[in-house]
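Student: The primary structure of each chain is shown beneath.
2 protein chains.
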Amino acid sequence: MSEIKQVIVVRSDLGMGKGKIAAQVAHAALDAADTARRKHPTWYDSWREQGQAKVVVKTDGGEEALEELQKQARSLGLPVSLIQDRGLTQLEPGTTTCLGIGPGPSGEIDKVTGKLKLL
Amino acid sequence: MSEIKQVIVVRSDLGMGKGKIAAQVAHAALDAADTARRKHPTWYDSWREQGQAKVVVKTDGGEEALEELQKQARSLGLPVSLIQDRGLTQLEPGTTTCLGIGPGPSGEIDKVTGKLKLL
Numbered sequence: 001m002s003e004i005k006q007v008i009v010v011r012s013d014l015g016m017g018k019g020k021i022a023a024q025v026a027h028a029a030l031d032a033a034d035t036a037r038r039k040h041p042t043w044y045d046s047w048r049e050q051g052q053a054k055v056v057v058k059t060d061g062g063e064e065a066l067e068e069l070q071k072q073a074r075s076l077g078l079p080v081s082l083i084q085d086r087g088l089t090q091l092e093p094g095t096t097t098c099l100g101i102g103p104g105p106s107g108e109i110d111k112v113t114g115k116l117k118l119l
Numbered sequence: 001m002s003e004i005k006q007v008i009v010v011r012s013d014l015g016m017g018k019g020k021i022a023a024q025v026a027h028a029a030l031d032a033a034d035t036a037r038r039k040h041p042t043w044y045d046s047w048r049e050q051g052q053a054k055v056v057v058k059t060d061g062g063e064e065a066l067e068e069l070q071k072q073a074r075s076l077g078l079p080v081s082l083i084q085d086r087g088l089t090q091l092e093p094g095t096t097t098c099l100g101i102g103p104g105p106s107g108e109i110d111k112v113t114g115k116l117k118l119l
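Residue numbers (the numbering used here), protein chains in the order written: chain V, 1 to 119; chain X, 1 to 119.
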């Protein structure tokens, strides 16, 4: 099995604090992993065996950028999870904060997120 | 069912960047949630239905503090996951970075982490 990883893309334009970012990223990671576990169990199992690699990157392109990345990832058959904040603190309710992609084959995910910088 | 939440405790003494913190917290969240899904499925299901609340807090007490919190959480029967970094970037291999507790009943988790400050 090739390298399996998960990438989480965070909006850098919202000014979220590091605790807020961590909670939103965890939410995306868990949701996307749950989808993978159900729809792509071999990816999920390999990812867990390999140490569940996660990479956190950023975009300054706002909600539109996350939606475009989601569309690209879906078209490649990758599990995705777009996270909206419940808005109890810091942000307006329904604000899109981050996008989880994978676990899935590293090369496929790189087609979507390969140009984004690390958070 | 009472309120179910997950708390992730992060070491604040390591000087981790926000992307590093987010990845480590996601790791802890996923591992502890996976344990809950297998051992406490009613907690896990309720947590997911309630919106999978996550709270990220910090300790400056180093590895010893995380281990003590882990012991307390275990003694209450809560799912826990203590995360060690693989040390490929930023940290020495095997450095303990954070502790995931729950999902579990909010009141039980507060007995362990109620005095810790938000990250």
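One or more hints might be untrue.
Note that the list lumps identical chains together, so a pair holds whenever it fits in one copy or between two copies.
[Unchecked claim] Pairs of lysine-lysine residues, derived as DSSO-like cross-links and limited to a Cα-Cα distance of at most 30 angstroms, are as follows:
1) K39 - K115
2) K111 - K71
3) K115 - K58
4) K111 - K18
5) K71 - K117
6) K58 - K18
7) K39 - K117
8) K58 - K117
Since the hints were derived computationally from the structure, they do not count as laboratory data.
Student: Please write out, lowest number first, the hints stated earlier that are contradicted by the structure.
Tutor: none
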